[in-house]
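Participant: Going by the working numbering, the first residue of the sequence shown is number 10, and it counts up by one from there.
Worth flagging that the hints you see were computed from the coordinates, not collected in a lab.
On a predicted model such as this, the values are computed, not experimentally measured, just so you know.
C-beta: ideal position from N, C-alpha, C; glycine also.
Among these hints, one or two may not hold up.
[Claimed, not checked] With beta-carbon atoms standing in for the labels, derived distance ranges: (1) 241 x 207: 34 to 42 angstroms; (2) 219 x 112: 37 to 45 angstroms; (3) 256 x 48: 32 to 40 angstroms; (4) 243 x 58: 29 to 37 angstroms; (5) 142 x 207: 36 to 44 angstroms; (6) 58 x 172: 36 to 44 angstroms; (7) 176 x 115: 15 to 23 angstroms; (8) 175 x 89: 36 to 44 angstroms; (9) 221 x 111: 30 to 38 angstroms; (10) 185 x 158: 35 to 43 angstroms.
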Amino acid sequence: MSSLEGKVAVVTGSARGIGAEFVRALARAGAAVLAADILRTDEVVEEVRGLGGNAIGAHCDVTLARDVAALAKTCTENFGPAHILVNNAGLHPSPQPFEDLTFEYWRRTMAVNLDSMFLTIQAFLPGMKHHRWGRIVNMSSSSANTAPPMGAPYVASKLGIVGLTRAAATEFGPHGITVNAISPNPVRTPGADGALSEDMFQMIAAAQPVPRVMEPQDLSGTLLFLCSDASSFITGQNLHVDGGTVRAG
Numbered sequence: 010m011s012s013l014e015g016k017v018a019v020v021t022g023s024a025r026g027i028g029a030e031f032v033r034a035l036a037r038a039g040a041a042v043l044a045a046d047i048l049r050t051d052e053v054v055e056e057v058r059g060l061g062g063n064a065i066g067a068h069c070d071v072t073l074a075r076d077v078a079a080l081a082k083t084c085t086e087n088f089g090p091a092h093i094l095v096n097n098a099g100l101h102p103s104p105q106p107f108e109d110l111t112f113e114y115w116r117r118t119m120a121v122n123l124d125s126m127f128l129t130i131q132a133f134l135p136g137m138k139h140h141r142w143g144r145i146v147n148m149s150s151s152s153a154n155t156a157p158p159m160g161a162p163y164v165a166s167k168l169g170i171v172g173l174t175r176a177a178a179t180e181f182g183p184h185g186i187t188v189n190a191i192s193p194n195p196v197r198t199p200g201a202d203g204a205l206s207e208d209m210f211q212m213i214a215a216a217q218p219v220p221r222v223m224e225p226q227d228l229s230g231t232l233l234f235l236c237s238d239a240s241s242f243i244t245g246q247n248l249h250v251d252g253g254t255v256r257a258g
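Could you put together the complete structure from these sequences and hints?
Facilitator: Shown next as structure tokens:
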């Protein structure tokens, strides 16, 4: 897999869990990384710098256009226009029967999980067009296919990400920009730990052909491949990294 030396990457939702692992992986591959989150990213940024990598942090509420615009400006001022955008920020599901859902919760889920990707892609697209090279990776979920009960807003938002990925791939391909999605099963992270019990993690793992609980590191190889020159002819795809749970679609 090719090096990412000389590339600039932005990762949203990167203070902990999957996002923090993505920051570490991209930095190890040689990219300069802007770690964005509504939470403080000091810990992962300091870890990367301590290992000789290049990273900075930025506060960003990805549901706010002004915050996303400021994030793009921060990237340009510190590293130059981004080559890589990893849309990882997301709201973990709070299982509720459909009839108990409020419109406020529905809208909040869509704003964090889907609307934010519209904002970030639009903000960083001009720089990628300038480079004539870009990689956009959007985090979806295997639940978009499996549709577990009491998760309508989450499932709808994650399937919307797949549609956005495909539509963007169609438009951006002529500019040397690929757009793909990754759909994991539940991953053991601080956020998911609050939504799933250990028994539920183990039950999900037992149903997978690869019968173990997913960890953030299980996603790094796929991310690096999609961000590299090795994946230049792959776009508009939704890669299920889920231990084999989804074997079609």
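Participant: Give a verdict on every hint.
Facilitator: Against the structure, the hints come out as follows:
Roughly 41 angstroms separates the CB atoms of residue 241 and residue 207, a value that falls within the hinted 34 to 42 angstroms. Our hint of 37 to 45 angstroms for residue 219 and residue 112 holds, since their Cβ atoms are close to 39 angstroms apart. The supplied range of 32 to 40 angstroms is met by residue 256 and residue 48, whose beta-carbon atoms lie about 35 angstroms from each other. Checking the proposed 29 to 37 angstroms range against residue 243 and residue 58 shows it holds: the Cβ atoms sit about 32 angstroms from each other.
At about 43 angstroms, the CB distance of residue 142 to residue 207 agrees with the hint of 36 to 44 angstroms. Hint check: residue 58 to residue 172, Cβ distance near 38 angstroms, so the stated range 36 to 44 angstroms holds. Evaluation of the 15 to 23 angstroms hint for residue 176 and residue 115 yields a pass: the beta carbon distance comes to about 22 angstroms. In this structure the hint that residue 175 and residue 89 lie 36 to 44 angstroms apart at CB is violated, the actual value being about 29 angstroms.
Checked against the hint of 30 to 38 angstroms, the pair residue 221 and residue 111 passes, with Cβ atoms roughly 36 angstroms apart. Hint check: residue 185 to residue 158, Cβ distance near 42 angstroms, so the stated range 35 to 43 angstroms holds.
Checked against the numbered hints above, the structure breaks only hint 8 and satisfies the rest.
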